[in-house]
Amino acid sequence: MIVLALDTAGAACRAALFDATAGRLLAVAGEEIGKGHAEHLLGFIDMALDSAGRELDAVDRIAVAVGPGSFTGIRVGVAAARGFGLALDRPVVGISTLSTLAFSARANSGSQEVLAVIDGRREDLFCQSFAADGTPSSRPELWPLPKAREHFAGYRGAIIGSGAALLAGLPDAVSGRITPDPVDIAALVQLGALADPQEAPARPLYLRGPDAKPQEGFAVARAQDSRAQGGETGDGEGQTP
Amino acid sequence: MTAAAANTLPHQRREGESLVLGIETSCDETAASVVARGPDGVGRILSDVVLSQIAEHSAYGGVVPEIAARAHVEALDGLIKAALAEAGTRLDVVDAVAATAGPGLIGGLLVGLMTGKAIARAAGKPLYAINHLEGHALTARLTDRLAFPYLMLLVSGGHTQLVLVKGVGDYERWGTTIDDALGEAFDKTAKLLGLPYPGGPAVESAARHGDPDRFSFPRPLVGEARLDFSFSGLKTAVRQAAQAIAPVSDQDVADICASFQKAITRTLKDRIGRGLGRYRQLAADLPEAALVVAGGVAANSAIRQMLQALCAEHGVRFVAPPIKLCTDNAAMIAWAGAERLALDLAADPLSVSPRSRWPLDAQAEAVIGYGKRGAKA
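Which chain is which? The protein sequence lines are G and L, in order. Once you know that position 58 of the first sequence is 51 in the numbering used here, the rest is easy, because the numbers rise by one and skip nothing. So the numbering used here is basically just the index in the second sequence, starting at one, shifted up by 248.
Think of the hints as simulated: they come from the structure by calculation, not from any bench. Please note that a few of the clues may not be correct.
Computed cross-link-like contacts, DSBU-like style, restricted to lysine-lysine with a CA-CA straight-line distance of at most 35 Å [unchecked claim]: (1) L:Lys439 to L:Lys572; (2) G:Lys206 to L:Lys329; (3) G:Lys206 to G:Lys28; (4) G:Lys206 to G:Lys140; (5) G:Lys206 to L:Lys439; (6) L:Lys572 to L:Lys517; (7) G:Lys140 to G:Lys28; (8) L:Lys572 to L:Lys414; (9) L:Lys414 to L:Lys517; (10) G:Lys28 to L:Lys329; (11) L:Lys572 to G:Lys206; (12) L:Lys572 to L:Lys329.
Derived coverage of chain G by chain L (criterion: at least 3 residues anywhere in the stretch with Cβ under 8 Å from a Cβ of chain L; other residues may be distant) [to be verified]: (13) 30 to 37; (14) 56 to 70; (15) 74 to 84; (16) 190 to 204.
No residue lacks a Cβ here, since even glycine has one placed at the ideal position from N, Cα and C.
Using the sequences provided together with the hints, build the complete structure.
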């Protein structure tokens, strides 16, 4: 099985090809571009295909990093991955950036319990814990910093990621200072090969609301006899988009 | 291809027709469509699927960009599948992919354009990055087979423009708003009066029971030779009038809406009347001189009636495509792609960027009031 992996969730924009049957990474293309993911992604995919000597038709599945990360970046990758999935009629799986962190830690240091922590950059942390065999032992969640410290106090496994120092309360750790964790594309592509498409849909994992509040206090006061808001108006003749 | 798709033959394609898949995600409608264009220039809409996000945005009284972008990415691939299925076709027989690349909300544009790029690359088809305004401008050729040049009035929540459509990719902007778009003025008036979103239908409905002469609202730029529009002063006047008599009764709301709509209609009449005069001079011997209206505000019947009468006065045909094709849709994007394909215009590279601001007329000078970032509407 050939897996095409796309990562646009952070500063990097990368594409990788993995031969899951042979367990071999065929090609990685891309770089830390900061911005311009939408412009560069298709070019990096072609570079990866060229250097692997494969055609796009040879891809059996697409894996994409779904976050947490940059909202816009995540959507660039997810939209492209789902477009490829539709046009090639191949499954698309979504892989969280927290699980790629945990996977890399296990690959580097062997089986152990891992807490993946990403700096949310607003005095908060994206956290998810994983058992020694790599399966998640908690759901990915966004924690305010003090609550995270309270909740994970006494955690016995390894703590990894850009938010690790913040969680530990190290003296020079300040939220937002650290660049977001780069996704390990090799971890992404291997997790992508293992994931069950039914259980890992390619949907953005924002873990944060859209930051919009209903605007109040804008309308003028209505008299008592006023009909209920939205009652008899709006006859459906049309709309102003 | 799935078994079901493989058994579906492209039975709807006629001799010599080209098929284009269109994708539209520039604001709060997620849309996909397949359109056919014959060698004689006759177009047919084979499918036109639109998912409106009105419910998601109504609590905010307007479109929230992040909410819109989130909704687009969840729905778009499913809508494209539905559009292909409804058209009875497959990506491998489609001739090109057309996706809106601007102007609009950047988060939504990115979703549609990236999906379009991936599909074009995987299916080996040319990609056309379409200007949303061009989609509106060319719709009348799909619905009414209009010949160039014709005049287009685009009035929506994001745009208010009077454009001379001279050819595919050849547009002359005659007038634009120097501040708010007309649809935005309707939405803000509705929001002020506690009417639901979107404001157009709500204000029109309330206006039916109101006295259009109770309030005298300003009619900005009326009498001026240039063909621009302005609606922010009107918005302020409506707010001040409402606050002066608050708390407002149902009758007050109806009267404000009726007076607001009258001011809008009179302003448009002056501006468009001048535009038609200029067009008539230029197109004195055109057998098929026409004014096309597009955008959601085209649904307003008071505005429609005024435009109809005005066109009759100037001896110009009034063309109003069906409301479904006046508001945002992907059929117009597919059609713009089909027109480009028919002229052998170059496809766009897969590195093409979305553009939140993208004037239809590249030569048009910025109008005072636009602010640093260029034309808002």
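Contradicted hints - numbers only: none
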